[in-house]
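Residue numbers for the first sequence follow the numbering used here, so the first one is 1 and each next one is one higher.
It should be emphasised that the hints constitute simulated quantities derived from the structure, not laboratory data. This one's a predicted model, so the numbers in the text were calculated from it and none came from an experiment. There could be a bad hint or two in this list.
What the hints assert, rightly or not - FRET-style restraints, in silico, Cβ to Cβ:
hint : residue 1 : residue 2 : range
1    : Ala157    : Glu586    : 34 to 44 Å
2    : Lys505    : Leu185    : 58 to 68 Å
3    : Gly424    : Arg156    : 40 to 50 Å
4    : Tyr289    : Glu70     : 48 to 58 Å
5    : Gln430    : Lys247    : 49 to 59 Å
To be verified - Straight line, CA to CA, 30 Å or less: simulated DSSO-like cross-link-like pairs of lysine-lysine:
hint : residue 1 : residue 2
6    : Lys95     : Lys572
7    : Lys63     : Lys393
8    : Lys215    : Lys95
9    : Lys241    : Lys103
10   : Lys214    : Lys66
11   : Lys48     : Lys214
12   : Lys240    : Lys188
13   : Lys83     : Lys63
14   : Lys474    : Lys119
15   : Lys188    : Lys137
Beta carbons are placed, not taken as given, at the ideal position from N, Cα and C, and that holds for glycine.
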Amino acid sequence: MQEEYLKDLNDVQHKAVTSINGPSLVIAGAGSGKTRVLTYRIAYLLSKGNDPRSILSLTFTNKAAKEMKERIGQLVGFEVARKLWMGTFHSIFSKILRREADKLGYSSNFTIYDTQDSKSLVKSIIKEMKLDDQTYKVNEVYGRISSSKNNLVTARAYVTNDQIMKIDAMNRKPKIADIYKLYALRCKKADAMDFDDLLLNTNILFRDFPEVLKKYQDSFRYILVDEYQDTNYAQYLIVKKLAAHHKNVCVVGDDAQSIYSFRGAKIENILNFRNDYPGYNIFKLEQNYRSTQNIVNAANSLIIKNKDQIKKKVWSANDTGTKIQVLEASTDNEEGFLVAGAINDTIYREQVQYRDIAILYRTNAQSRIFEEALRKKNIPYKVFGSLSFYQRKEIKDLLSYCRLTVNPNDTEALKRVINYPARGIGNTTQGRIEEYANLHDVSMWEIVSQPDEYPVELNAGVKKKLVAFSNLIKSFQSLLAETDAYELANHIANASGILEDLHFKNTPENLSKYENLQELLNSIKEFTDNRAEDEVKSLDYYLENVALLTDADNEKEEDINKVSIMTIHASKGLEFDYVFIAGLEEELFPSRMSITLPQDLEEERRLFYVAITRARKQATLSYAYTRYKWGTPSNCSPSRFIEEIDPAFIELPDKEEKNAMPRFQRKSYGVSGGSNGNPNHFEKTGNATTVNPGLQRKLTKLKTASAKAAENDSPFEVSDPDILEKGMTVEHQRFGTGTIASIEGNSPNKKATVIFNGAGQKQLLLKFAKLKIIN
DNA sequence: CTTGCAATGACTGAT
DNA sequence: TCATTGCAAG
Numbered sequence: 001m002q003e004e005y006l007k008d009l010n011d012v013q014h015k016a017v018t019s020i021n022g023p024s025l026v027i028a029g030a031g032s033g034k035t036r037v038l039t040y041r042i043a044y045l046l047s048k049g050n051d052p053r054s055i056l057s058l059t060f061t062n063k064a065a066k067e068m069k070e071r072i073g074q075l076v077g078f079e080v081a082r083k084l085w086m087g088t089f090h091s092i093f094s095k096i097l098r099r100e101a102d103k104l105g106y107s108s109n110f111t112i113y114d115t116q117d118s119k120s121l122v123k124s125i126i127k128e129m130k131l132d133d134q135t136y137k138v139n140e141v142y143g144r145i146s147s148s149k150n151n152l153v154t155a156r157a158y159v160t161n162d163q164i165m166k167i168d169a170m171n172r173k174p175k176i177a178d179i180y181k182l183y184a185l186r187c188k189k190a191d192a193m194d195f196d197d198l199l200l201n202t203n204i205l206f207r208d209f210p211e212v213l214k215k216y217q218d219s220f221r222y223i224l225v226d227e228y229q230d231t232n233y234a235q236y237l238i239v240k241k242l243a244a245h246h247k248n249v250c251v252v253g254d255d256a257q258s259i260y261s262f263r264g265a266k267i268e269n270i271l272n273f274r275n276d277y278p279g280y281n282i283f284k285l286e287q288n289y290r291s292t293q294n295i296v297n298a299a300n301s302l303i304i305k306n307k308d309q310i311k312k313k314v315w316s317a318n319d320t321g322t323k324i325q326v327l328e329a330s331t332d333n334e335e336g337f338l339v340a341g342a343i344n345d346t347i348y349r350e351q352v353q354y355r356d357i358a359i360l361y362r363t364n365a366q367s368r369i370f371e372e373a374l375r376k377k378n379i380p381y382k383v384f385g386s387l388s389f390y391q392r393k394e395i396k397d398l399l400s401y402c403r404l405t406v407n408p409n410d411t412e413a414l415k416r417v418i419n420y421p422a423r424g425i426g427n428t429t430q431g432r433i434e435e436y437a438n439l440h441d442v443s444m445w446e447i448v449s450q451p452d453e454y455p456v457e458l459n460a461g462v463k464k465k466l467v468a469f470s471n472l473i474k475s476f477q478s479l480l481a482e483t484d485a486y487e488l489a490n491h492i493a494n495a496s497g498i499l500e501d502l503h504f505k506n507t508p509e510n511l512s513k514y515e516n517l518q519e520l521l522n523s524i525k526e527f528t529d530n531r532a533e534d535e536v537k538s539l540d541y542y543l544e545n546v547a548l549l550t551d552a553d554n555e556k557e558e559d560i561n562k563v564s565i566m567t568i569h570a571s572k573g574l575e576f577d578y579v580f581i582a583g584l585e586e587e588l589f590p591s592r593m594s595i596t597l598p599q600d601l602e603e604e605r606r607l608f609y610v611a612i613t614r615a616r617k618q619a620t621l622s623y624a625y626t627r628y629k630w631g632t633p634s635n636c637s638p639s640r641f642i643e644e645i646d647p648a649f650i651e652l653p654d655k656e657e658k659n660a661m662p663r664f665q666r667k668s669y670g671v672s673g674g675s676n677g678n679p680n681h682f683e684k685t686g687n688a689t690t691v692n693p694g695l696q697r698k699l700t701k702l703k704t705a706s707a708k709a710a711e712n713d714s715p716f717e718v719s720d721p722d723i724l725e726k727g728m729t730v731e732h733q734r735f736g737t738g739t740i741a742s743i744e745g746n747s748p749n750k751k752a753t754v755i756f757n758g759a760g761q762k763q764l765l766l767k768f769a770k771l772k773i774i775n
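Could you build all of it, start to finish, from the sequences and the hints given here?
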């Protein structure tokens, strides 16, 4: 076999690819061809005659695994690539846990609880234990449980751990140990594992069943781990155990890009690799092929402020490029307009595609502003994350019916759908069943399916309804073996009454839910169509991984050429020609939660480093002086990170000019205090006519919009839905001019009835309709 | 038991 | 701003 592709590599890369024996540490600077090294290394291993089933590659996302398999397939053939063990820790080890499930007392069909399920379970336990929900906040308790699991502290170990118990006692939350215990018990009863259990239970499996560990140790001759700097203790130990026999472990990472400590990631794992694997080889990939020199230098000048790091010198031989740009805005809304305007300019000036551009921000809450601004300028965009597709109510509802069909003990799924669509099984009934079930150690399903067998106080009518519901689920179960995933899911969507319910209440919201369900069914269809002949296509197999999927795994054809907007965390591993990094303000980025502890601040700085190094050609920063938080405006100041970049590589806004411009006058408005926190500073530029005070805010918005419209000649400037009112004359791109007859609903699903002069009466969903106000 | 409305409190980050 | 919760009426 020829290894032509090795010629694409530089010296270090070449060594990293071909040094296949013994432990290797690859320190891969941003943009240094890390993915190429990983794919070529695997291809190289295969070319040396290794069985693809003996190679285990752990990636950070499913998408990365999919793309890497694709590239390896191109090099060595898809039939071979398909047999590789490649995926995220969670997906690989859930597969192994299903195989070995009986050893841990689970069935191989166990459910995976996602974060929503877990939190909802924690919540009901707090209620059941009659604890004060102000002291025991769901998020905090869940966080304690989750981080315990990531550090391999089981519920039993938790109570006996003095240090942990002392912390809980000090915080006056001594019952967390009991909540954890009950939580673990309930998960087990429900035949469910949460995300953290997938790693914890793998460790337990390997600890308690040495013969199982040995089997996998022998079978995985080569182990590769991507993004090693973001592994937590549980993941670290899995790798260590599996690699103990052959010791052919290759970890790839960049300590400068460690950004997941909140998920238990330990940067020490990569820093201590030398101690864990003596006699290791180290390869430093330092040439950045992705970005311009200015971008690389700016990023270097920033990250140098961090203390703990592995020494390396990342450099670029690309063009010098432009300096980092900075956009300064007076309000968060204006920030949106400036960025959207700059995107339009870039597209026009540089002749690039929408897909070459990304907007990155620190928190999901910032997405809304950019969605609005881009929509108004008719710039197509796609949002990653926030409320992921799979977390939407309608999607979870249908999936819960499916989960219940496969595993009737899945109590979280049962509670979700037992009364949706409404079938007269209300809170009282559910509460009684749940209480009895918890007290007597039976599952809710037991009682629901045979209410006469248990002394729960239920009247005959209710019992009838319960039996009807359980018969419905049983009818689905009977179809499990004989139908494929798509047919069954489609049947469930209809027979459960979900589709009918959405259809019956014919609102724009429900229409969009209906469409989402169709999309889910389409993706299930795709799953059944894409499975190979020898793979089972039934619903239980579809459900195995669905909890582990994210938006990125569901990318649609029509979404390819759009501006990407997402959090910096979600942008990890991606790259774009032009990157806009928004909200560079103190207490937002760096986050308010991270400014006290130095190690937290260092992680924020690494996060900023990751953001800058996503850019190939140009990075633009932006910040605002007022930003709405929880619906009230608050003052902000520019982030310290901006000053930390060496001035040689950044173009700061001109202070002189800034002060001369009334538009940027600040300090005076906003913040708490007043009854009227509205920034009225646009008054200064405007040719305002006097209006009644109630309309003041709307007018301000209107002026912002039209002022911007004059500045940027976008094809069809759209008015903010919030300023539209009954009686206004508006223009629609397709229907022409008309008058608003009425406005119903609430943002973002506000709709208007408009009587158009040519096209007659139309109902328009304002978040999509492009209406321009004529007068 | 269901529905609708007012009050309330949450925003880091995500497999 | 938005989703969840508590309460009153049907």
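Checked hints:
1. Ala157 / Glu586: 34 to 44 Å: 40 Å, holds
2. Lys505 / Leu185: 58 to 68 Å: Once the Cβ atoms are compared, 39 Å apart, the range 58 to 68 Å for Leu185 and Lys505 is violated.
3. Gly424 / Arg156: 40 to 50 Å: With a Cβ separation near 41 Å, Gly424 and Arg156 satisfy 40 to 50 Å, so the hint holds.
4. Tyr289 / Glu70: 48 to 58 Å: 20 Å, violated
5. Gln430 / Lys247: 49 to 59 Å: 54 Å, holds
6. Lys95 / Lys572: Holds: Lys95 and Lys572 sit about 25 Å apart, inside 30 Å.
7. Lys63 / Lys393: 24 Å, holds
8. Lys215 / Lys95: Holds - the C-alpha atoms of Lys95 and Lys215 are around 15 Å apart, at most 30 Å.
9. Lys241 / Lys103: 19 Å, holds
10. Lys214 / Lys66: 28 Å, holds
11. Lys48 / Lys214: 24 Å, holds
12. Lys240 / Lys188: This hinted pair holds, its Cα atoms lying about 27 Å apart.
13. Lys83 / Lys63: 17 Å, holds
14. Lys474 / Lys119: Holds, at roughly 28 Å.
15. Lys188 / Lys137: 23 Å, holds
Violated hints, in rising order: 2 and 4; the structure is consistent with all others.
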